[in-house]
Amino acid sequence: MSGRPPEELLAAARAEWARLEELPRPLKPRERLAIPPQDMPSQDPLERAGNMREVALGYYAEQARVEAERCLQCKNAPCVRGCPVRIDIPEFIAAIAEGRMAAAIEIIKRTSLLPAICGRVCPQESQCQAECTVGRSLKSVEKAVAIGRLERYAADWDREQGEAQIPETGPPTGRKVAVVGSGPAGLTVAADVRRAGHEVVLFEAFHKAGGVLVYGIPEFRLPKAIVRAELDTLQRMGVELRTNFLVGRTRKLADLLEKDGFDAVFVGSGAGLPKFLNIEGENLVGVYSANEYLTRSNLMKAYDRGHAVTPIHRAQRVAVLGGGNVAMDAARTALRLGASEVHLIYRRTEAEMPARVEEVAHAKEEGVIFHLLQNAKRILGENLKVTAMECLRYELGEPDASGRRRPVEIPGSEFIMPMDVVIVAIGNESNPLIARTTPGLEVDRYGRIITDEQGQTSLPRVFAGGDIVLGAATVILAMGEGRRAAAAINRLLAAGDA
Amino acid sequence: MNLILTKERLSEQVYRMRVRTPLIAAERQPGQFVILQLDTEFGERIPLTIVDSDVDEGSITLIFQVVGRTTHQLAGMEAGEKIANLVGPLGQPSEIHNFGRVVCVGGGIGVAPLYSIAKALRQAGNELVVVIGARSKELVILEHEMRALAGELIICTDDGSMGRKDLVTAPLKELCEAAPKPDRVVAIGPPIMMKACVETTRPFGVPTVVSLNTIMIDGTGMCGGCRVTVGGQTRFVCVDGPEFDGHQVDFEQMMARLGSYRAQERIAAEGCNLHDEALRKGLKE
Ligand SMILES: Cc1cc2nc3c(=O)[nH]c(=O)nc-3n(C[C@H](O)[C@H](O)[C@H](O)COP(=O)(O)OP(=O)(O)OC[C@H]3O[C@@H](n4cnc5c(N)ncnc54)[C@H](O)[C@@H]3O)c2cc1C
Ligand SMILES: Cc1cc2nc3c(=O)[nH]c(=O)nc-3n(C[C@H](O)[C@H](O)[C@H](O)COP(=O)(O)OP(=O)(O)OC[C@H]3O[C@@H](n4cnc5c(N)ncnc54)[C@H](O)[C@@H]3O)c2cc1C
Ligand code: SF4
Ligand code: SF4
Ligand code: FES
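Same order as they appear, the protein sequences are chains V and E. Per my numbering, the first sequence runs over residues 121 to 618. Per my numbering, the second sequence runs over residues 191 to 475.
Hints are computed from structural coordinates only; laboratory data are not their basis. Each hint should be verified, as a subset may be incorrect.
Unchecked claim - DSS-like, lysine-lysine: derived pairs with alpha carbons at most 27 Å apart: (1) V:Lys372 with E:Lys272; (2) V:Lys421 with E:Lys272; (3) E:Lys309 with V:Lys372; (4) V:Lys259 with V:Lys484.
No experiment lies behind these values; they were computed from the predicted model shown.
Next comes chain V alone, as it looks inside the complex:
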């Protein structure tokens, strides 16, 4: 993240490309390692903190080709092992390097259904890019081949070609599958099951489909038009979308199977139950869960003052508690809603932050103030409204079960910061509604639905995947689980014993 202006990045890439064209092919590994990593062009930090438009602008064509030339085409392709859905990374990168864009996207789509989304939101540095030989050789994950950016580039190129191609669907089988939840897990299952020719109804509790992709992850990180395009494709494939349908309440899961003629059900209901810290003052006016804050802003469009009806506090001083993607999104949203100071409070150090490296960097560039090794002790208020927060400092102690050094509080280190709004972003648990209303559906002690490798739950013909099984995880994992479950459902229906 250099913060260099886009034009400068483009000029540099052009010069580099011209240089590479002079070199005899194939390039030697040494020459590839010498190619400078291509930075992502992004909106100017000061400007973007005042708008909702996407921050990362995507590679220029020249940048994509230069970056693709950095790949060593390793025989053992360690990067592929790091990708939860095993995209054939060297092959698609080679296609980009050669300018064969249609081939590149075709290779990606063999395994990934949502490349425009995963290319944007995957924690690449801990997945595919963590294993990359180039990064290893240059002793920095940040210098690994930018696999995610290239994936995004190919997917965006594809979308910009105009109307997406509608995947073929098999001949009608007369079988019917219910998919509960329209997040990445549900979208994937819907697509894969529909392709096999089965009828698919996608049930979504909200008035809009997309799950966390629409209500959680903000526009400035994942434009909603991209999610919309995926949904359009699904609908054009013949998937029926039923919004405003809360399975467990509008209809019980068992009724879908027993009364409504569905042959199988996939549950991808996500991890939508916000955790709170259980500290004093947590229910004061001005304390939000990140889910509420982000839903108000993203789904209900509260940021759009001219149009939206849903209100949101436009605070001056905002504290965000947590260090994950959710916390970064909440902090950066607060800035965009006009806060003059946004403080991010995290119990451990930056190295332990679960957020994507790029989001942390972007948040800092935009002016979010990081308080590391600190935690909220209580929230103070007057007239039941937030006025301040008391924090405590921590130091790192012995490693805990997860291998991370455990933060230990420093006695007597309390201090108070004035605040108008406090946003709690310390994670989500599983929403218990479906488990509670479906007798026989087994869950673990965290309320996560228990499944086998194929996504099969304790109930026949009922499958599950994504955050409701994994706990709060990632888009790509949810998608991967969806693919496995869809394959199992397709096998089950093909066998005809459902």
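Chain V is already provided as a structure; the job is to place chain E with the ligands on it using the hints.
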């Protein structure tokens, strides 16, 4: 779906609508509510209690008071129009048993949600006393419907234009003092009224259920915006409620949270809030 079948005006600011939504009509139980939204892109999601349902017709009845933007817009809609989004039934159903003698207290628009519960309680064999409170005669709703259910119906108005010139807590107190005292009280109305009711019944140890009308967004337990403190614990009204043991509810906090956006809400609140004022004065006396 979501077709408005009929619309009537019950009082100056209160409307009744029957809306076609067969699945919700079939599943709904007393005490549950829906969330509706009138514009998919920019509208607000607002909760309304399902007052009644007709499974054969596939319809539910909603009764709402115009207090702000969305209720105002809804009041402007006519039979034949459609509500863009309607999800439900949400929340835990009311606890319905034969408790014996139950006093149902409804204030202002709270009489609407109370009706669905009173009806179920009556069907379960309870003996009902219903107390309706309103600012004035014109604002009394569901009088006839309630009379059909209740052994005894007491109406209180602030200005004495109908029934007793009293706050609902006055007859409630008398009922608690009389023998036999009620086996249960259900009180629904503005928070300040529910608070006054639980304070009235507390010394008598009469179990008192209240239905909380917090601000909500999703109504599925996802956002935590509807949370209240009940018995020292954080509970989500949309999934754990909306009914709670009134003696355990932190009403001060709930009222503060309900007022979170007052400054941002456009149309000055009428009706209920004026009634609040009257009750607030009443409490001080
Ligand atoms: C703010 C935020 C930022 C994130 N950032 C990233 C990131 O950068 N990278 C990354 O990889 N991951 C990120 N994640 C995590 C990622 O979004 C999730 O792991 C992923 O969306 C899980 O997908 P899912 O399909 O399991 O569920 P979800 O996306 O949660 O979708 C579940 C859907 O089911 C619906 N639903 C629930 N119950 C019912 C029911 N009973 N009936 C009908 N519908 C129901 C919900 O309304 C929802 O739409 C982020 C999460 C959040 C909240
Ligand atoms: C479970 C539940 C059931 C409900 N059932 C009914 C019902 O059957 N009939 C009915 O008329 N109302 C009911 N309400 C209240 C109703 O949801 C609100 O009146 C509505 O959300 C106001 O929306 P608005 O856009 O018109 O007003 P807004 O512009 O949002 O608000 C206007 C005024 O109303 C106050 N307000 C906002 N939300 C609420 C709320 N949830 N409760 C009380 N005051 C609020 C605001 O502070 C403000 O003063 C119920 C609420 C809940 C939570
Ligand atoms: S899907 Fe994610 S992990 Fe897999 S290659 Fe793409 S960015 Fe890497
Ligand atoms: S590990 Fe890195 S260099 Fe090797 S094939 Fe994968 S992306 Fe290319
Ligand atoms: S309304 Fe969101 S959790 Fe209750």
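So, going through the hints one by one against the coordinates:
1. V:Lys372 with E:Lys272: 25 Å, holds
2. V:Lys421 with E:Lys272: 22 Å, holds
3. E:Lys309 with V:Lys372: Answer holds: Lys309 (chain E) to Lys372 (chain V) is near 25 Å, not above 27 Å.
4. V:Lys259 with V:Lys484: Measuring from Cα to Cα gives roughly 24 Å; hence the hint holds.
In terms of the numbered hints stated before, the structure departs from none.
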